[in-house]
Amino acid sequence: MKQVLEGSHAVSEAVRLARVQVVSAYPITPQTHIVEAISEFCSDGTMDARFICVESEHSAMAAVIGASNAGVRAFTATSSHGLALMHELLHWASGARLPIVMAEVNRALAPGWNIWTDQTDSLAQRDTGWIQLYCEDGQEVLDTTLEAFRLAEAVNLPVMVVLDAFFLSHTFEPVDVPDQDTVDRFLPPFDPRFRLDTKNPCAFGPITGPDRYMEIRRDIQAAMDRAPEVLAAVEQEFFSLFGRRYGAVDAFLCDDAEVILVVSGTAAATCRQAVGDLRKTGERVGMLKIRLFRPFPATEIRAILPKAPKVAVVDRNVSFGAGGIFAQEVKAALALHKGNTAVYSYIAGLGGRDITTATFQEIYLTTKDTPTPPAESVWVGLAQEERA
Amino acid sequence: MRPLQVPEEEYLRRGHVGCAGCGAVIAMRFALKALGPDTVVVIPACCWGVIAGAYPQSSLDVPILHAAFATAGATASGVRAALDMRGEPDTTVMAWAGDGGTFDIGLQSLSGAVERDEDILYVCYDNEAYMNTGVQRSSSTPYGTRTTTTPREGWKRTRKKNIMETLAAHRIAYAATASIAYPEDMIRKFRKARDLKGHARFLHVFASCPTGWGVPSELTVKLARLAVRTNVFPLYEVENGVSYTLNTEGDLPVRAYLSPQGRFRHLSPEDIQDIQRMVDEDWRLLRAKAQGPPQRARLMA
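Read top to bottom, the protein sequences are chains A and B.
Numbered by my numbering, the letters in the first sequence go through residues 27 to 414 in order.
Numbered by my numbering, the letters in the second sequence go through residues 4 to 304 in order.
Calculated from the structure, these hints are not laboratory results.
Beta carbons: idealized from backbone N, C-alpha and C, even for Gly.
Be aware that one or more of the hints could be misleading.
As a list, the in silico DSS-like pairs of lysine-lysine whose alpha-carbon atoms are at most 27 Å apart [to be verified]: (1) A:Lys225 / B:Lys292; (2) A:Lys333 / A:Lys394; (3) B:Lys292 / B:Lys195; (4) A:Lys225 / B:Lys164; (5) B:Lys164 / B:Lys225; (6) A:Lys364 / A:Lys306; (7) A:Lys364 / A:Lys394; (8) B:Lys292 / B:Lys36; (9) A:Lys225 / B:Lys225.
Residues from chain B that keep clear of chain A, each with C-beta distances beyond 10 Å, as calculated [stated by the list, open to error]: (10) Pro10; (11) Val43; (12) His69; (13) Thr78; (14) Arg83; (15) Ala85; (16) Glu91; (17) Glu118; (18) Arg232; (19) Asp274; (20) Asp277.
Pulled a few chain B residues facing chain A out of the computed Cβ check, cut under 10 Å [as the list claims (entries may be wrong)]: (21) Gly52; (22) Ser61; (23) Gly81; (24) Arg89; (25) Pro263; (26) Gly265; (27) Ile275; (28) Met281.
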């Protein structure tokens, strides 16, 4: 049934439909609407779950780790500083092979305090062993959250569903909320092979020396390697039940493009518009939206980007000293390819600054008119320096 | 002399990797004898994270969840919630943390769990320093102690944090001190805590550490007893944060407890007098809260 839902509440509805049994969270703007709604569901009995109101994000992740180890479906949500505080436990969740799902609302890190969107928080967690999926709109948020549980439980890795602060978390859109019976068919009850069980006592996470540790890490990598294939199968089933699919990446008008703009998150919606506008004026431009960031969909990217001589990666994030993070990953993915595609890196929209269709037009024209890519990322939309 | 009334069942296996004379191993042995097999143990980073055994082995016959250092209270809360949702509400969830994981890095998550009145039993086995990492001071390390981070003339000149009062201030349903030198008292308290279902419960267990304290391993139990008999570690219970019951009253000067230990060997007679004054002051405060004489009937000295 179509409802007008905030992006945050698209997450909450999916968590209820997924029959999550334990939720633990600590409030941080702009994640709060997600967990407030879940609290209401638990309170009014429309969701049969325990909500643990912990005293920090570190404890929130610890609590869902405990819950998942004990064999129930578990969920949390956070943002920015909360995610940073969780960092230690993010490694723990993946190392313990727990299929925890977390909604992460992209928000800038202080100082100065900034509650607006910026991807550096989640991308700084790229080496923690979490699958990461970046969403474009409210429907995709709901659908991705449901898919995340299936994916997580199939490969025994945690999944982060990432959505932009405010542009998505606080924006109301029509969202098709599926009925419970169909979701139940898509997502059966969680039944892990191993769990804390006093009838079958096992030790989870004990000391693991140099003779064993490396193989266990290799298993995590192998699970990551399987994730794209599993995601494709999960999406196929999702499509057959709900009629929607998103892919690891989404190529838009790329086949004949001279320049492909590479984007993620809500910027993809703006970019679609900009590409359509430019096409009307005869420009051969396309867009590649990257939805799956970990594992990085290098194979899919290698199948699309080399069609164009130039690629412009637009990053709403920065790794200081290295530049835009998606751009680094795209360059690495293309490094093994024999083509001559040039990768241009742009940084835009940090700390909630708007990325508009005009921003994309500027990036497109700059890329078109610059024969070879600069060595460093180009910062777009900076204010002119004030004169002293 | 009558024999100790301690359950025969063993849930701690041979082959654990504790040091010779480890008080924390004795503590776990008695704890599980009291609690029985329907128990899940959550262990953050601490000596017991090692003692429990390396993958793929375990020295306990109950499930263990190893947890990150600061998270015992929160991880145990998550386990509790999940077991309740799975229809296993009777299983005891015991967080089992050292003094570092309780007094220091884990204090926040413990405080959160107690404030939420989680249905868990939190046990701190206290060996009064970071023993697992090589005897660094914690906020549980008592005044006068030399550790590797309070060495030589930089011995610790601040008092041990009073964790029991911290918990009492949370108005926790049940908090008690226990000692490996008084197994019957300890087992009684673990069972009382286990049976107080539905509430947060806290046990502070004194666990001597020959390795960190500079004493021969055969003195483990004797030192634990001396700590009680000198009022350095009084045995008592607090219900709802306000109702105090004293189980012991010391009859020896602190010198008897301090002098066998290498960690206190540098102390002058004046330093020891200072410690005696602190112990006497703490004891008076405790007596005042208990508003009555100790109830010693259950103890064997």
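Against the structure, the hints:
{"no.": "1", "hint": "A:Lys225 / B:Lys292", "in the structure": "violated (43 Å)"}
{"no.": "2", "hint": "A:Lys333 / A:Lys394", "in the structure": "holds (15 Å)"}
{"no.": "3", "hint": "B:Lys292 / B:Lys195", "in the structure": "holds (21 Å)"}
{"no.": "4", "hint": "A:Lys225 / B:Lys164", "in the structure": "violated (39 Å)"}
{"no.": "5", "hint": "B:Lys164 / B:Lys225", "in the structure": "holds (24 Å)"}
{"no.": "6", "hint": "A:Lys364 / A:Lys306", "in the structure": "violated (32 Å)"}
{"no.": "7", "hint": "A:Lys364 / A:Lys394", "in the structure": "holds (22 Å)"}
{"no.": "8", "hint": "B:Lys292 / B:Lys36", "in the structure": "violated (31 Å)"}
{"no.": "9", "hint": "A:Lys225 / B:Lys225", "in the structure": "violated (37 Å)"}
{"no.": "10", "hint": "Pro10", "in the structure": "holds (17 Å)"}
{"no.": "11", "hint": "Val43", "in the structure": "violated (5 Å)"}
{"no.": "12", "hint": "His69", "in the structure": "violated (4 Å)"}
{"no.": "13", "hint": "Thr78", "in the structure": "violated (4 Å)"}
{"no.": "14", "hint": "Arg83", "in the structure": "violated (8 Å)"}
{"no.": "15", "hint": "Ala85", "in the structure": "violated (3 Å)"}
{"no.": "16", "hint": "Glu91", "in the structure": "violated (8 Å)"}
{"no.": "17", "hint": "Glu118", "in the structure": "violated (8 Å)"}
{"no.": "18", "hint": "Arg232", "in the structure": "holds (37 Å)"}
{"no.": "19", "hint": "Asp274", "in the structure": "holds (39 Å)"}
{"no.": "20", "hint": "Asp277", "in the structure": "holds (37 Å)"}
{"no.": "21", "hint": "Gly52", "in the structure": "holds (7 Å)"}
{"no.": "22", "hint": "Ser61", "in the structure": "holds (4 Å)"}
{"no.": "23", "hint": "Gly81", "in the structure": "holds (3 Å)"}
{"no.": "24", "hint": "Arg89", "in the structure": "holds (6 Å)"}
{"no.": "25", "hint": "Pro263", "in the structure": "violated (32 Å)"}
{"no.": "26", "hint": "Gly265", "in the structure": "violated (28 Å)"}
{"no.": "27", "hint": "Ile275", "in the structure": "violated (40 Å)"}
{"no.": "28", "hint": "Met281", "in the structure": "violated (31 Å)"}
In summary, the structure is inconsistent with hints 1, 4, 6, 8, 9, 11, 12, 13, 14, 15, 16, 17, 25, 26, 27, 28 from the numbered list given earlier, while agreeing with the others.
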